[in-house]
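S.K.: Below, each chain spelled out in residue letters.
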Amino acid sequence: MIFTGIDALDGLLEGGAPDGSRVLFAIEPEADGQHFMITMLHTAVVAGKKILVVAPFTGKDAYLVEVAAQSRYHLDCYKDLIRYIDMEEVEKITISHPNPQDRKQVWVEMIQEIVNEEMIEAIFVYLDVLSDQFEFDGAVSLFNTSRFDHPVTVIFEYFNLFGTEVLNTLIEETPFNLIVTLHAGSGVVSFFNFFTIHSVSWLSLPARSLPYVATDGHIIPYIPKIVVTGPPNTGKSTFVRNVSEVGMSVDRLGLLGTPTTVALDIGHMASKGFDINIYGTPGQERFDPIIPQLARNAMGVILMVDVTRPDLMPRARQLKGIVEGNIIVPIIVVANKADLDYSVTEEAIRSELQIREDTPVYFISAFERKQCRDVINSMVDQITKFSF
Amino acid sequence: MYSYQFGIPALDEQLGGLVSGANVLILAPPLSGAERIAYNLSSPAKGEYCVLLTSDERAAEVGNFFKMNGTERRALAIIDAITKSDAPNILDTDRMKFIASPVDLTGISIKMSKVFSAIVDESLKNPTPGVFPPPIRFCINSLSTFLMYRNLEVMYQFLHVISAKLKKNEWIGFYVLNNESFDARTISVIKQLMNGVVEVREGENSFELRVIGLGGRMTPWLPYTFDPNGKLVVEG
Chain A
0 MIFTGIDALD GLLEGGAPDG SRVLFAIEPE ADGQHFMITM LHTAVVAGKK ILVVAPFTGK
60 DAYLVEVAAQ SRYHLDCYKD LIRYIDMEEV EKITISHPNP QDRKQVWVEM IQEIVNEEMI
120 EAIFVYLDVL SDQFEFDGAV SLFNTSRFDH PVTVIFEYFN LFGTEVLNTL IEETPFNLIV
180 TLHAGSGVVS FFNFFTIHSV SWLSLPARSL PYVATDGHII PYIPKIVVTG PPNTGKSTFV
240 RNVSEVGMSV DRLGLLGTPT TVALDIGHMA SKGFDINIYG TPGQERFDPI IPQLARNAMG
300 VILMVDVTRP DLMPRARQLK GIVEGNIIVP IIVVANKADL DYSVTEEAIR SELQIREDTP
360 VYFISAFERK QCRDVINSMV DQITKFSF
Chain U
0 MYSYQFGIPA LDEQLGGLVS GANVLILAPP LSGAERIAYN LSSPAKGEYC VLLTSDERAA
60 EVGNFFKMNG TERRALAIID AITKSDAPNI LDTDRMKFIA SPVDLTGISI KMSKVFSAIV
120 DESLKNPTPG VFPPPIRFCI NSLSTFLMYR NLEVMYQFLH VISAKLKKNE WIGFYVLNNE
180 SFDARTISVI KQLMNGVVEV REGENSFELR VIGLGGRMTP WLPYTFDPNG KLVVEG
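For the record, the sequence lines run as chains A and U. Just so we're aligned, residue 0 is where the first sequence starts under numbering that gives the first Met the number 0, counting upward by one. Just so we're aligned, residue 0 is where the second sequence starts under numbering that gives the first Met the number 0, counting upward by one.
The hints are simulated quantities; they were obtained by calculation from the structure and are not laboratory data. The structure presented is a predicted model; accordingly, all values stated were derived computationally and were not measured. Fair warning: there could be bad hints in the mix.
As the list claims (entries may be wrong) - Straight-line C-alpha distance at most 16 Å; calculated EDC-like pairs for lysine to aspartate or glutamate:
1. Lys-48(A) x Asp-75(A)
2. Lys-319(A) x Glu-284(A)
3. Lys-49(A) x Glu-112(A)
4. Lys-49(A) x Asp-75(A)
5. Lys-113(U) x Asp-75(A)
6. Lys-59(A) x Asp-85(U)
Said to hold, decoys possible - Away from chain U, derived, C-beta distances all over 12 Å, residues of chain A:
7. Pro-17
8. Ile-92
9. Asn-98
10. Glu-108
11. Met-109
12. Thr-168
13. Pro-174
14. Val-188
15. Ala-206
16. Thr-237
17. Ile-321
18. Glu-345
19. Arg-349
20. Arg-372
Where a beta carbon is used, it is the ideal one built from N, C-alpha and C, also for glycine.
Here chain A stands alone, though its shape is the one from the complex:
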């Protein structure tokens, strides 16, 4: 198995790419996606795998410098484990074999010989020039694993200028075990990146798009917004504070002398390889007009109820309606204050809130940090793995 080296992605894939599989990273224009293959390459070589890198767009030295500059990985430390086919070698083949059919045969034999003799375990291929020369399927077929006498994982990077429809046609004709597409969300400029696990042969995963940041040479998937809402005094601020590594609340003293949130709670945490921002809404009705703004573009909703206050269930249902609006996002119900005496049952909560059968309901105490974090872990699974 070869791990992608991106914790969140490996988590979703339940490991990495099995030996002998074929992986495609398809990068759309402007998406900062080259770190995906580079991170996987680095992870493989650190694990001691013997690697072949086919990089027809660059010289070996320039490649190593660029990888070190962009990703902070010093691949030159692994000279014995990595074999390169770079621009110079590719040009030699192209010039000496002007006939594409002959050239293709030379490639096939060369790859077969290198892989079998040097016991290469994974090949990392930059497809672009090869797909110019041999078309997409022809370029991929140069690395047909059936020609190798041991299992070899082949990872391709492809700059997809032609859009999703053309990519779908290409991969229909040339199947892969794992396809990850990298996209850029663009306004005036590209302002965020996201990846989609387009398909994976060894798992059943929904094709879901997840944002990521490429920073300091690392891919950090992130969930920009999970909203925590619920009636007043159900423990939302306590929950947000307890799951957060960094956070703040905008509170003031309420009429009863206890703090009440008057704008929002903000928290930041990491879970399952994702960076997550958590926004807690105020619970009082007078703040209802701002809740749709707070909930806009949320990727998940945590609805908190107080199990000692069944009378607040109608308000909880009302808030659920407000945050959901017209969007469909996963919901988790947190039945807080389960450490106190209470009479509300899960059935009653489901019935009062009119939630789906597969919506989780967790009985917790928001004072228990671990329980709060388990809720967030579950929310990450809801966002990334399950249909909703």
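Given chain A, work out where chain U should sit, using these hints.
M.R.: Frame of chain A, contents of chain U only:
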């Protein structure tokens, strides 16, 4: 809508400047100084920026031209696709990005995106904000080099993505293509993405240019020369 000027009196008088979002092909024979024409047209006016993708001259040489002609340092960003092949250790700076070779369209796309983002970010922080998005003149000083390395279909699509982005943001683009190295089909395919063409030919005593398109107009053939700093001087 922001209005760009050619910065060349003879052309501005005849054409009244360039509409924003324009993509202009500079179709020129070898030795006609086509890249110098492109640099002149790409030179940023006050408050504008220039992003130049070079596959023909090193960033240092390109930068020198703009420096000699008074372009502010922060107003120019260069993406250099040739230096790195000879000097692999060269590292990127804020305004200079280096690509392994003109083959690497993925790298070019990512670094272009970063350069555009940096300029837009910087313009937002500017204490005296100007037009938003900030006006940018984009230039590729040799499409010919790219077309030698990558196939026409890929380059068409790549340019399509770029030209669409420029149009969307009301930026303008200049692209130099050697008209003697490629067949009529190639030139015609590239022209499909353009709003105008600056054609260059060898005249009796000097090279001449004319501008076609850009609002359905066409200038007469205008002789041109360069001053010692490379500044374009067009008669007419």
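S.K.: With reference to the structure, classify each hint as holding or not holding.
M.R.: So, going through the hints one by one against the coordinates:
no. : hint                    : in the structure
1   : Lys-48(A) x Asp-75(A)   : holds (15 Å)
2   : Lys-319(A) x Glu-284(A) : holds (13 Å)
3   : Lys-49(A) x Glu-112(A)  : holds (14 Å)
4   : Lys-49(A) x Asp-75(A)   : holds (14 Å)
5   : Lys-113(U) x Asp-75(A)  : violated (27 Å)
6   : Lys-59(A) x Asp-85(U)   : holds (12 Å)
7   : Pro-17                  : holds (27 Å)
8   : Ile-92                  : holds (14 Å)
9   : Asn-98                  : holds (17 Å)
10  : Glu-108                 : holds (24 Å)
11  : Met-109                 : holds (19 Å)
12  : Thr-168                 : holds (15 Å)
13  : Pro-174                 : holds (23 Å)
14  : Val-188                 : violated (4 Å)
15  : Ala-206                 : holds (23 Å)
16  : Thr-237                 : holds (37 Å)
17  : Ile-321                 : holds (33 Å)
18  : Glu-345                 : holds (48 Å)
19  : Arg-349                 : holds (46 Å)
20  : Arg-372                 : holds (34 Å)
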